[in-house]
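**Student:** My request is simple: use the sequences and hints to build the entire structure.
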Amino acid sequence: MKKQENTLSVPVALWLVINYLAGYTFLYPTLIDWICNSTDISVTMENVLKTAVYVFVFVTTVVPSRKLLRYGWERLTDSFGKCVGQIVRSQLFIIALGAGISAILVRFGLTTSRNQQRVNSLVQKNRFYYTLMAVVFAPFVEELVFRGAIFNSFRVRNRKALGYFISAFVFGFIHVMGSFFAGDYRDCLFIFVYGGLGMVLAYVCDRTDSIYCSILLHMLNNAISLLGV
Numbered sequence: 000m001k002k003q004e005n006t007l008s009v010p011v012a013l014w015l016v017i018n019y020l021a022g023y024t025f026l027y028p029t030l031i032d033w034i035c036n037s038t039d040i041s042v043t044m045e046n047v048l049k050t051a052v053y054v055f056v057f058v059t060t061v062v063p064s065r066k067l068l069r070y071g072w073e074r075l076t077d078s079f080g081k082c083v084g085q086i087v088r089s090q091l092f093i094i095a096l097g098a099g100i101s102a103i104l105v106r107f108g109l110t111t112s113r114n115q116q117r118v119n120s121l122v123q124k125n126r127f128y129y130t131l132m133a134v135v136f137a138p139f140v141e142e143l144v145f146r147g148a149i150f151n152s153f154r155v156r157n158r159k160a161l162g163y164f165i166s167a168f169v170f171g172f173i174h175v176m177g178s179f180f181a182g183d184y185r186d187c188l189f190i191f192v193y194g195g196l197g198m199v200l201a202y203v204c205d206r207t208d209s210i211y212c213s214i215l216l217h218m219l220n221n222a223i224s225l226l227g228v
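0 is the number of the first residue of the sequence shown in numbering that gives the first Met the number 0; add one for each residue after it.
Keep in mind the hints are simulated off the structure, nothing from the lab.
Some hints here could point you the wrong way.
Unchecked claim - Below, simulated DSSO-like cross-link-like pairs (lysine-lysine); rule was C-alpha separation at most 27 Å, straight line:
#1 159 to 81
#2 49 to 124
#3 66 to 159
#4 66 to 81
On a predicted model such as this, the values are computed, not experimentally measured, just so you know.
**Tutor:** Spelled out as structure tokens, the structure:
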């Protein structure tokens, strides 16, 4: 395989990052809120708009990443046993790491992050829809953005250590961003949980040389986090 097939071009990587960080997390929700507040639309129509955003973000992330996905699929099928073993070991490590960090956070009176509480609440309202978002949409989009665009961009330029740190930090911050801007700085301590997860996901992507392995691990981890909800 050619080196460029395992990375994204600079324009594509920039698009994925901007589309997610500026669009999905800020611009698109703000636009939907503006439409809902300025017009008398039904709850059903509001949900249609939100679904349209999910579909738009998914398609405009996956399609530009098709070469990276094709390469990752070939790596996955060529070393399937190795990838499965790496995913299982990494998931066990994530559970142990999360338990260790959570034991420390409990001392600060923190048990569940606001982000996880919000996800749990949404799943309880519409189990199938939001489970699909958490177990399929989020792993695909977030892995292509944080590991495919950010981490791999540093990795192929021999700046792997920096790639680990930046991709893990941004991934962690995105999951506590709401708390940060709301002034709930104690909840921001969960950045260590999400950042640690991001670090492991980057390691799996790096170790297996397949974006699909980090996607599958992300899917597994999110599915486990929803057990009992």
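**Student:** Could you run down the list of hints and mark each one as holding or not?
**Tutor:** Comparing the hints with the structure gives:
1. 159 to 81: holds (22 Å)
2. 49 to 124: holds (15 Å)
3. 66 to 159: holds (21 Å)
4. 66 to 81: Measuring from Cα to Cα gives roughly 22 Å; hence the hint holds.
This entry satisfies every hint, going by the numbered hints stated previously.
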